[in-house]
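Protein chains: 4
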Amino acid sequence: MHIGFIGLGHMGGPMAANLLKAGHQLSVFDLSAAAVEALVGAGATACDSVAALATARPELVISMLPAAPHVKSLYLGDAGLLSLLQQPTHLLDCSTIDPHSAREVSAAARQAGHYMLDAPVSGGTAGATAGTLTFMVGGSAEEFEFARPVLAAMGKNIVHCGDSGNGQVAKVANNMLLGISMIGVAEAMALGTSLGIDAKVLAGIINTSSGRCWSSEVNNPYPDVLENVPASRGYTGGFGTDLMLKDLGLATEAARLAKQPVILGAAAQQLYQAFSLQGHGQLDFSAIIKLYTKQE
Amino acid sequence: MHIGFIGLGHMGGPMAANLLKAGHQLSVFDLSAAAVEALVGAGATACDSVAALATARPELVISMLPAAPHVKSLYLGDAGLLSLLQQPTHLLDCSTIDPHSAREVSAAARQAGHYMLDAPVSGGTAGATAGTLTFMVGGSAEEFEFARPVLAAMGKNIVHCGDSGNGQVAKVANNMLLGISMIGVAEAMALGTSLGIDAKVLAGIINTSSGRCWSSEVNNPYPDVLENVPASRGYTGGFGTDLMLKDLGLATEAARLAKQPVILGAAAQQLYQAFSLQGHGQLDFSAIIKLYTKQE
Amino acid sequence: MHIGFIGLGHMGGPMAANLLKAGHQLSVFDLSAAAVEALVGAGATACDSVAALATARPELVISMLPAAPHVKSLYLGDAGLLSLLQQPTHLLDCSTIDPHSAREVSAAARQAGHYMLDAPVSGGTAGATAGTLTFMVGGSAEEFEFARPVLAAMGKNIVHCGDSGNGQVAKVANNMLLGISMIGVAEAMALGTSLGIDAKVLAGIINTSSGRCWSSEVNNPYPDVLENVPASRGYTGGFGTDLMLKDLGLATEAARLAKQPVILGAAAQQLYQAFSLQGHGQLDFSAIIKLYTKQE
Amino acid sequence: MHIGFIGLGHMGGPMAANLLKAGHQLSVFDLSAAAVEALVGAGATACDSVAALATARPELVISMLPAAPHVKSLYLGDAGLLSLLQQPTHLLDCSTIDPHSAREVSAAARQAGHYMLDAPVSGGTAGATAGTLTFMVGGSAEEFEFARPVLAAMGKNIVHCGDSGNGQVAKVANNMLLGISMIGVAEAMALGTSLGIDAKVLAGIINTSSGRCWSSEVNNPYPDVLENVPASRGYTGGFGTDLMLKDLGLATEAARLAKQPVILGAAAQQLYQAFSLQGHGQLDFSAIIKLYTKQE
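Protein sequences, first through last, are from chains A, B, C and D.
Numbering of the first sequence is given in numbering that gives the first Met the number 0, commencing with residue 0 and proceeding in unit increments.
Numbering of the second sequence is given in numbering that gives the first Met the number 0, commencing with residue 0 and proceeding in unit increments.
Numbering of the third sequence is given in numbering that gives the first Met the number 0, commencing with residue 0 and proceeding in unit increments.
Numbering of the fourth sequence is given in numbering that gives the first Met the number 0, commencing with residue 0 and proceeding in unit increments.
Honestly, the hints are just simulated from the structure, not real lab data.
These numbers come from a predicted model, not from an experiment.
Among these hints, one or two may not hold up.
Repeated chains share a single entry, so a pair holds when one copy, or any two copies, can fit it.
[What the hints assert, rightly or not] Straight-line Cα separation of at most 30 Å, DSSO-like style, residue types lysine-lysine; simulated pairs:
id : residue 1 : residue 2
1  : Lys289    : Lys258
2  : Lys71     : Lys245
3  : Lys289    : Lys199
4  : Lys293    : Lys258
5  : Lys71     : Lys155
6  : Lys258    : Lys199
7  : Lys199    : Lys293
8  : Lys155    : Lys245
9  : Lys293    : Lys245
10 : Lys20     : Lys155
11 : Lys258    : Lys245
12 : Lys71     : Lys258
Construct all of the structure, not just a fragment, from the sequences and the given hints.
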């Protein structure tokens, strides 16, 4: 399939490369010439503007951008993609943005005669490179079926979440819970060890009991409970605190617009913010346990 | 083995019955004559006082009582079990109490020449009846090995958590995390559904993603996401909100004494308290989701 | 002075009326014909569009609108006030909006050759009618001095808070603190009375001690501690919970953009949101004490 | 009046000295010989035990001790003051303890034929020395009238709070509110200044507006907003974070026993605990603002 790909950063770059590997034809655009060059080296065709990409008439356009303003700017407005595309086109935005904005863009796309899916991912840069991302997809069943084989070249878990915006809803709800449960594990581990139990023994009990969760089993924040996790290498790698902060900001803002209380979700956001303020925003979010342990 | 059993309530009664089934000889005591009668009918010998039970010279005494004051009253003091027992005896307290009190009682027991384990359980009355409880055990390795076969008649997961009090530490740490993660799931489900996603779809995504936890997979608080859980039968059965409140009280009080912050743990305690205040203390703790959804 | 006034609602209407009483000449605009009629009856000149008002060439334009989107829509854009006004004009926005948006509009106004102040108010509709509002004003000293006499016709406490946006900053910071301290008073009164102390005795002690604050002294949330406050008349009148929610939303959103934690501020927002969800959004915000007392 | 005084520490010492200055006859006891010596130098008579003090037959016994266990140990038990005093005596405990314990001791005192008041203080060591303490007093009207003239020699604000324990109730409720509002002020000042407003300007607006409170007007946590406050001298002096923690522990524990939610009160406790964990427990509690500002 001829696919246009816009946004070739840490996530978009390896995602696009996997599409090339799967045999798709790619027209690519990014503000960074270096990012474009890398993909061209792998077989993509460079476009020097969004307009040029639209003119190439791809069947499907995929975007992977940092935040809602970039997405709105790309699709909407006078020189936006929606007005540039001359024929009905399938659009697939993989950016993580708020559900409200995702629905605004999708509605505008349909109004302009296009098809559109929101499809935020989880799995990080490792998953993007390995082609093992999870895609949470919002849009109609027909749109979803059209895009599914393409998504399968970039991920292994492709979930249809319902209508437009629901991909974003699934992601913010899941990540808000993740942000809360990580702090819960951090508090439980800090409390238990301060009361004298061995960290591995405690983690073992939690992991076979009603406290078990991804944050205890897969990314335990206590150092050296698990191997090959951020906590056992100084909290490097992983999912940065500032990225968790971005997602919690999306969740609490979506909650505000929906008039929906999220008491622990908002508390978690503020605790990560307090932690980031002290200069730890680049550490894996499991480093939040440092708030609960005496620092030298 | 000749075992003394003190405290034959909703938990202690079926636990004692399982010991009888396993072939042990039981001397039992409870303030409720009816509770004693039930066990006598199953083969136990009734004692009409703690002193009488002590005089029967059991090799092991098991206690299952509501709270720390009952445990202290049973073991310590002038007419307490520690002074009544005339020979070194193995003692096993299965009550859920604060680690500080557990350690105080254990230390007194050792001082008096006895052996003592703290061994709080999880699994509820269903697990007590089925003999599938989890025991979290604090005490020496020798004490643990002595008691292990007896515990195996009442439970299927017998974990040595380290020295005295660590059984209680494991339980309060795990249950604090449970209390937090249940609220986290409640908020995520309430947020997601208020933003338009189907509850089962959202739960399915969470359960295969980084938000997954016991509270989403096994006891999801959203009605009709899972069958045979409290949320799908009006929040009856299960683990009552007021029992969760008791455990969160133990956790935050232990944290206070250890000068250990537990920010979300304390928030969770207060939210369950606010929910209980409105008359919902007997509902399964997953009913906390009602705080987040419009009530008629 | 010839003043243009846009937005004649519950606040803007009486504010404009006070300007007429002070002898100013008013050109007014509102989407509601009835609101315009009321002011015309008091001596104002009606404009049937923003463009018509701009054509009337007022020396000063005052706007009083519900939220940031309305303010941006009025001032910015192709048919916005900034492009309609043909000569340098003093602009004064009394709407309560986020500081970021206020600064964006002010910067655009200056770029277009105008002068602009942000001047949100406190004091409610009673203060608007009585001409006793507090104005928190952001902008240059010269702009402030120009507008001060006009503001003095509508309020009695006119404070220069520094550069553009600082009026909004002062308001969101003050109101966030107000939202927190009201809940603090509610918790202290609920705790004290549940422990047996008389509510008036407790309020008396707090008001002469280190807990004293506006929420205890002037708007105590416990019924019948003070006369003539919402708590003593079923929480009617006063400052609605949903208005407090709006201001806390502005505060936490401004905090998020500034990467500034506001832990209790965010908690307060969520608690008012939970209270509003149960149908109490129209009650004075002191009604939050109902979260802490058993409801029939 | 012949008064027995037990507990001559940082608070009790200067309080006893003020009683001597007012012409009362004092029999004193403390575990610290140096503390006793200091009072003897000022005219008191030393007792080498509580029993000796009881034998001296004072009309009134005042105690000022660190915590509930000390108070219970002094009054209750086999060798406690209640059994040592041979004639009905007025008892006045100025220690800050939980209301539950205060009521337990008062009930025991009455049962033994004595009169008893709980009378915790506020005002710190400066107030103790200057004789300007506030006393919050629980007990009967007759008991209160008997003690009032004596209290007047040590304080200037003597408030009868109702029956036994209500002095403690008033203190924990007020101090919980104080702990919350200080964090509220810290967040408001940190938010405002991070958004660009001058700290003194913001404090000025808050202090004439609905956010005003003791923590903003008298002990503002932002450096150099006020002179002669801890914030303007490195947070030395004042009311230590660990003392605030003690009072918040009393408040949340009393709330737990009363099944009363205190959501922000518990959050405040945890935040001070997190701050203390990082080594700041000796700083004035207004130093909590450091949680909200970037530390070098």
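Verification of the hints:
1. Lys289 x Lys258: So Lys289 and Lys258 pass the 30 Å test across copies only (15 Å; inside, 33 Å).
2. Lys71 x Lys245: both (17 Å within a copy, 25 Å between copies)
3. Lys289 x Lys199: Classified as within: same-chain Cα gap 18 Å, cross-chain 33 Å, threshold 30 Å.
4. Lys293 x Lys258: Close across copies (11 Å), not inside one copy (38 Å); limit 30 Å.
5. Lys71 x Lys155: within (28 Å within a copy, 44 Å between copies)
6. Lys258 x Lys199: between (41 Å within a copy, 22 Å between copies)
7. Lys199 x Lys293: within (19 Å within a copy, 34 Å between copies)
8. Lys155 x Lys245: So Lys155 and Lys245 pass the 30 Å test inside one copy only (25 Å; across, 42 Å).
9. Lys293 x Lys245: both (27 Å within a copy, 20 Å between copies)
10. Lys20 x Lys155: within (15 Å within a copy, 50 Å between copies)
11. Lys258 x Lys245: both (20 Å within a copy, 11 Å between copies)
12. Lys71 x Lys258: Answer is both: 24 Å inside a copy and 23 Å across each meet the 30 Å cutoff.
Of the numbered hints listed earlier, not one is contradicted by the structure.
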